[in-house]
Structures are given as structure tokens and as C-alpha cells.
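Undergrad: Chains as they are written, first to last, in the numbering used here: chain A, 1 to 345; chain B, 1001 to 1563.
Since the hints were made in silico from the structure, they are not lab data. Treat the hints with care, as some may be off.
Claimed, not checked - EDC-like cross-link-like pairs, simulated, lysine to aspartate or glutamate; straight-line CA separation at most 20 Å:
no. : chain 1 : residue 1 : chain 2 : residue 2
1   : A       : K42       : B       : E1070
2   : B       : K1143     : B       : E1172
3   : B       : K1419     : A       : D41
4   : A       : K36       : B       : E1172
5   : A       : K42       : B       : D1071
Residues per chain are reported as follows:
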Amino acid sequence: MGKYIIKRVLQFIPVFLGVTLILFALQNIVPGDPIKLIGGDKALPPATELQLRVRYHLVQVDESGNAVLDENGDPVPETMWNRYVYYMTGLLHGDLGQSYQRKLPVTDIFLQKYPYTVKLAACAIVLEAIMGIGAGIISAVKRYSFWDILVTLTTSVLVAVPAFWLGMLLQLFFGVLIKDWTGGAFSLPISGAGGPSSQYQDWVHYILPAITLASVSTAYAARIMRSQLLDVMNQDYIRTAKAKGLSNRAIIWKHALKNALIPVVTYIGVDFGAMLSGAILTETVFNWPGIGSEIYRAISMRDWPLVMGGVTLIVVVVMVINLLVDVSYAFLDPRIRLGGPSDKA
Amino acid sequence: MAEFKVNEPVMGRRAFVGGSLAAGSLAFLAACGQKGDGAGSGDAPATDGGKTLNYYINNPVCIDPYNVQEDQGTQVEFQLFDTLMQFDFENNELKGLAAESFDATEDATEFTFHLVEGAKFHNGDPVTAQDFVRGWTRLVSPKSAIATEYGPSEISYHLSVVEGYDALANGETDEFSGLSCPDDNTLVVKLSSAYADFAYIASHPALSPVPACAEEDAKNFYLAPVGNGPFMMKPDTKWEDGQYIDIVKFDDYYGEPAKIDGVHFIIQKDIETAYKEFQAGNLDVCDVPVAQIEAARKERGEAEYTMEDGKHMLLGAEPSAYYLVVNNNDEQFKNPDLRKGVSLAINREAICETLFKGTRTPADGIIPPGIDGYTEGAWEFSAYDVDKANEYLDKVAPMSGDSRGINVVLTYNQDGGHKEIMESVIGDLAKVGITAESETPEWSAVLEQYTAGTFQFGRLGWIADYPIMDNFLYPLFHSDSIGGDNKSGYSNAEVDKLIDEARATTDDDARIAKMKEADAIIASDCPVIPLMFYTHTLVGSDRIKNLYVDPQKKADLATCELA
Chain A
1 MGKYIIKRVL QFIPVFLGVT LILFALQNIV PGDPIKLIGG DKALPPATEL
51 QLRVRYHLVQ VDESGNAVLD ENGDPVPETM WNRYVYYMTG LLHGDLGQSY
101 QRKLPVTDIF LQKYPYTVKL AACAIVLEAI MGIGAGIISA VKRYSFWDIL
151 VTLTTSVLVA VPAFWLGMLL QLFFGVLIKD WTGGAFSLPI SGAGGPSSQY
201 QDWVHYILPA ITLASVSTAY AARIMRSQLL DVMNQDYIRT AKAKGLSNRA
251 IIWKHALKNA LIPVVTYIGV DFGAMLSGAI LTETVFNWPG IGSEIYRAIS
301 MRDWPLVMGG VTLIVVVVMV INLLVDVSYA FLDPRIRLGG PSDKA
Chain B
1001 MAEFKVNEPV MGRRAFVGGS LAAGSLAFLA ACGQKGDGAG SGDAPATDGG
1051 KTLNYYINNP VCIDPYNVQE DQGTQVEFQL FDTLMQFDFE NNELKGLAAE
1101 SFDATEDATE FTFHLVEGAK FHNGDPVTAQ DFVRGWTRLV SPKSAIATEY
1151 GPSEISYHLS VVEGYDALAN GETDEFSGLS CPDDNTLVVK LSSAYADFAY
1201 IASHPALSPV PACAEEDAKN FYLAPVGNGP FMMKPDTKWE DGQYIDIVKF
1251 DDYYGEPAKI DGVHFIIQKD IETAYKEFQA GNLDVCDVPV AQIEAARKER
1301 GEAEYTMEDG KHMLLGAEPS AYYLVVNNND EQFKNPDLRK GVSLAINREA
1351 ICETLFKGTR TPADGIIPPG IDGYTEGAWE FSAYDVDKAN EYLDKVAPMS
1401 GDSRGINVVL TYNQDGGHKE IMESVIGDLA KVGITAESET PEWSAVLEQY
1451 TAGTFQFGRL GWIADYPIMD NFLYPLFHSD SIGGDNKSGY SNAEVDKLID
1501 EARATTDDDA RIAKMKEADA IIASDCPVIP LMFYTHTLVG SDRIKNLYVD
1551 PQKKADLATC ELA
């Protein structure tokens, strides 16, 4: 197992280099000058524009740090390779560069915002695991009962409803309408992540965004759980267990569930990775200070250091989550031997 | 899971689960209320001190004067800092703020500001002329501590008329040679060329004084600036990126102290969400989404710039113009008759009414009302007149069937609601036989084309930094601005001469007369096509007894009164 993990961690390196290189190549292909975008409707003074290009290693400089000019007096763009080297050197020193638009160091931005993304993702994933797996089990065990139909119907609706719309409904109901009806005695926060000036406890701010973020995936998780469990219940070994006279409860909890869980765990794991990459819609609707909307904006404004930093972070997080999911298989199903001889064959 | 006991009594566990669920939801309901005593008193947000205003802003670019540019960051910075002068839109005059008065030499190249005595920064330091020199120097110098930490200012152009600007901006020196302080309360500014309106520049929020700590601890100052204004950053707080900024009343303020205890700026990404917060009573001042404007006008009671009881919806005209930028060097558009024909063919009224519910006004020139020197109907070709449009277009290409065979490309960015406006324009042009095709790359690519001059016509907005004619005519039409903001590439020696002369004229009336003359010549050439003037749409809660928001959308929060 230890060897397997080391092997997987070492595989991170080529994947990481590949992803960042592709992104760097994209910077050269995608139209739009990030420095011109800083000015927007108003043009930047030429001297300032050049200083910014020098600062962000976008043009070549001589030994004294001045921009190299060509025969027309225009600055010479820095090569992609050199910029990549700058980036990687910075990265190894823990420096992700500075956001073109926001001016702040990229590491500062993520250090401030990433905890919010992680906390929200954690709440949503716990909700998703409990509700999804729970609903899936109930509807499989009580197949064709009222509960089964309820779960099937609810999940169909949730899958079809866009998350942001659900979020807006929740805001309207819990934030505005209930507040009116109860004369202000009860309400949930509409947006934000709390803080000293909020009238609510910080944790209350997580309720609606977490429900919204988890909604669609919970529905999927419930459906996967249901079909898997039904599948497993038809297996021979379950019949054997029944023949041995085990109670239904014991069969489900001890024999069926573990085997049925693997695809659900895979799904939830992948979903957790996706949530940790930020949730653009949920963050926008609830004004959540996470990284999703930050990266989205950075892409449209060609704020490359922020995009690169975000991708670097997401790549690492997703790779780690995938590793954890793979390792968890071994616990769920002893037949799966990570890194064993069968793997190598 | 392996320790699961098959023979566990079933009911006991169910009762346990059910019981804990019920208990849990009860606790949840109880705890979900508000903080502290939990008495959610409806519309009054529970913040410390009863008189705190909850104000909506979008994510600011910067709240440090060295790079303050858009209206959101300015809103905060304006409360924290006082510049030398301030334009009083109500009385249409420039008034002293941190300066009592100023003198200008006859040739408009030297300005002397006399500071108010006894003013203090929020940290207790006295405000001296040196602090203005420090503030202005760090705005321009790429070597200042703030520029080293966060990059050079993008708005150093404000001071480009001051002597020594180039040397300082290029990093050749650390001293701003055009600035000097004979004593602590006198600031002398030497200009490199005449600029009679310099006192207006000096009223821009970016030109605020900063205390010594701004350079000694630039990293923290950027997020929690220390100024000389009526409000200060709440002690031990900073700008919480994407969340909020808290400011409180500054007790040692040299002027009239603020009437409220503080302001809680809530930073929101999405206006729809912000408006829901307003409806729930958690925001006192908020922008209105276009879809809600009509309802808000009816419910909240209209006013222009001042909120009062029963008048909590502000619809104030702003000194900014939305226009079609036309490439004057383009094969087709270098023909002025085509520009004039296009301009006359556009139904501006319809765009303002249908798309903006009357919250924008049709442009009748490039200078918006509210700017000294605005003339009604200043641009002849900004009127809507299809017959006249056809007259001019016939000179370009005669109508055959329902087309003139004129094909043009309109380049713009689709986001930000521009698509609908541009489609309306294209529809109007089709009626006079011009086929306009949209090209809608992303904003970054659009800007690149505008700058490189590889476009036919497009759209831009111009928001004045200073409420003077010069701030429209010089950047948009002077040939010195080509390569910068003059994206149409318009160049007219006569216009250049008139603007330069106006800049050297200290007499207000004579200067404005010259500017009007220049405006008239530009109008007859029709280098760009003005479409609309902006109006801001703000709503306030019933708590607000009095709040003035000026045309530049800067709220005078120090005079705001709460119930």
C-alpha cells in the first residue's frame, strides 16, 4: 500500500507539468491583452503599461531591469518558455505571482478564500453522503413503496432544477418570505459568509449554500445507490445469506451495502473534487467568498497568475482526492489490492 | 461497521433516532435566529451601534487613493479621505475641503493651495502639505513603497500636467519637482503646461494626502487606509475581500462630524442577490436591477439626488456618456456623411425607454447635462431624423430597393447588456438601408481591436474623472490622446488649438466659451456617435432620513441621517 501511494504521488509530477504547460500555451493562443484589460474603457498611460509588463515578466528585460526595445521602439515579448521557468521558479519558492487585476499576491487571495470553499464543500459533501446514501438505501429496501416513489420523484426534480434557481428560491423563502411571516423572529441569511457584523451565527450562513451546492449531486448519489443496491440484492451470495437465515437488516448492512457502495463512493469522491475546485453558480447566488467565481472572473479578464494559481491548486487537490478515493476502495472491497501483482499485469 | 450487533432492539434505536432528529430540529430553529439576544427586530439590522448604515457595493478594485478608479472603490475611499477641493454639484461651484482656498497665476501654470489648519489623520498625525506631496508622489513614482508592493498606479495620468511628472513616472528620480511646500499649510503646484481647471483635478479622490505610515507599511495601508476624512476604518479591521468593509465615525475630524456612527459596506458580486438582501431589510442602500426599476419607482418614491422620507429611490443623471466609437481612418467611415447618416438614423429615445425604462436619457451631444457648458441639442447629428439621415446617406450611396449596399461591421462585447442596445442600433440602420453585422468577441479582444484601430465601429462608455468639459473633449478628441482614449483617431488642428487655448484661460466663462467652440466643431465632424447619458438607480430603506448622492455616485455619508 505504501509503495502504491508513493507511486501515485510521483505520478502527480508529470500530470502537473503537463497541465501547467498546456495552460501556458493557451495564454499565447487566447486573444486579449491582459494589461490593456486593466485599463478597460480608459487607456493606461504608455509608461505605466510598460512598467506593468516588465513587472509581470511579459516583456524581455536587460540586466538593469529595463525593457528591451526593438527597432520600432516597441518592447519585445518574453518567450513562453522563459515565462514558464519564471512561474515554476516562483512556485518552488511558494510564490504564485501577483494578480494583474487585483494587485494582491495570488497566494494571499487563495489563503483568504480557499478555506471558505473547503468549508462549504465539506458541508455539502456530508449532506450529500448522508442524504444521498440514506435515500438510496431506503428506496432500494422499500422498493415500490411510498418512500421509494417519493425519493425517485424528488431526485428527478432535483436533477432537472438548475442549482442557482433552487438557490434563489431558497433565498426568497427563507430569507425574505419567512422573515415577513414571522415578523422577523425567524429567517436564514440570504448571502455572505458571516463575520462580526452579521446578525447570524457564522454556521447559519452555510445552510442554504450547502443545500444548493449538494442538491443535484445528492439526487444522483441517491439514484446510483438505489440501482447498485438493487443489483447487489440479486446476487447469489445474498441469496446464500438469506438461505442461512440472516435477518434482512444484517444482509443489507453487512453484505450488500459494502459492495454497493463502491460506485457511490467514486461518484461522491469525484464530486468532492469538483466542489473543492469552487462552485461558480452557488458562490455567485449566495455571494460566497470562495475561489470559483474568483477564477471564473480571472479567466474572462485574462488574469493569468490568478488562473494559473487556481489551476495549480485545483490540480493538486483533485489528484489527492482521487488518490484517497482509490485507497478507500481497498477498505470497502478486500478483493481490490492496490499496487498488487494483478495491477501490474 | 463490523461491530454491528444484529440483535439490537429495533424500537429503541428508532426512538433514539427520531428523538434526536426532533430535538435537533428544535435546537436548529431556536439557534437559527439572530446573534446575541436573538431579537430579530425586522427591518433594523442588528449591528453594533444603532446608527450604522448598511451600504451595497460591488467588489472594489482599490480603496487606497493611489489606485482608486471605479465608483465602488471610490465610494469607500471618498469617506476615508478628503482632497484639497470638492465640486459642489448642487451649487455648481468648486469648494475648499482640506484646502481653505487656492490662488492661480494668470497664465494658469502655478497653483497655490492653502490648507485648513489643525486637520488630523485617523492615527493622530497632523495633515500637512508634505502629506499631499507624499500622496501625489506615490501615485506617480514606480519606485514608491506601494508601487513596489502592489505595482504602479494605473491612474498616474491625473498628474501628468504637473512639472516633473515624466521624470518621476519613468523612475528617473524620486522627487516630484513640480511640488513644493513653503510651509506646513501651503502647497505649491507648478504645471508643465497651462491647465486652468487644475483645481478640479485636485478634487479627484486619488489626490488625497496620506500619512507617513502609508509608505512605511504599504502592505497593510492598502487594505486598511488611514486618511483624513470624516470616517475611519473600524479599528483592527481591514477590507475583507469579497465580503465587507467597516468604517466608523472619526471623532477628531476637522470639519462637521458625521451624523451616523458608521457604515457597513457589504460587498456583493450579484445585484440580484444584493437586491434580495435589501428586500429582506438587511441593506439600507442598494442598486436596483433593471427588472425591478418600475416597481421600485412606484413603491419607494422618486427623487434625483437626495433621499428623504417618502423619497427613497434616486434617479440622478451622471456625468458620463455611452457612445458608438467610430474608426475615422476606416475606408468607409472616414466619409463624414456616413457617420452623420448613421448617427441621425438611431432612435435613442426608444433604446432608453424600452431597454432602460427611462433610467437613461438620449444623448444630444458628448457633454452630459450637469457639466458646466452643456448646451441642449449641442450635436446636430445626435437627433433622431430618418429623412435627414437618408439625405446624408444618399450622398454616400443611393438607395436601390431597400438597401444601399453599405455593409459595416459593429464590434462590441455582448456581456453587460450591450447586446440589446447594439441590436436596436442595427435594426435602426437596416431601416435606412445599411447592413450592419455584429462581431462580438470577448471584451479583451474588443479592446485590442479598438486600440489597434482594426475595427469599423463599436461601443464605449466615458465616465468623467472631473466634471468639466475638458475631461470629455481632451481625452476623446484631442490629437494628443490618439493611441490613448481617442480611439476614433479623430484629429483636427483647429480643435486642438481651441482646447489648448481653453486650458490656458483662467477666466471661467471665457474658458468654457472656448470649449464650447471646440465642441461645436467636433459636433459638425461627428467623429463619434453619442447614444445615451447614464443615470444611477439607487434605493434606500425607510431608516434613511437624509442622504445625498452626487452625480458621480459618491454618497455624502457624513451628512446622512438615520431614523
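Undergrad: Does E1172(B) lie within 20 Å of K1143(B) when you go C-alpha to C-alpha?
TA: Holds, at about 9 Å.
Undergrad: Need the status of pair K42(A), E1070(B): alpha-carbon distance at most 20 Å?
TA: Roughly 11 Å separates the two Cα atoms, so the pair holds.
Undergrad: When you check the alpha-carbon spacing of K1419(B) and D41(A), does it fall within 20 Å?
TA: holds, 17 Å
Undergrad: Would you mind confirming whether the straight-line C-alpha gap from K42(A) to D1071(B) stays at or under 20 Å?
TA: holds, 14 Å
Undergrad: For the pair supplied as a hint, K36(A) and E1172(B), is the alpha-carbon distance within the 20 Å limit?
TA: violated, 24 Å
In this structure, only the earlier hint numbered 4 is contradicted, and the remaining ones agree with it.
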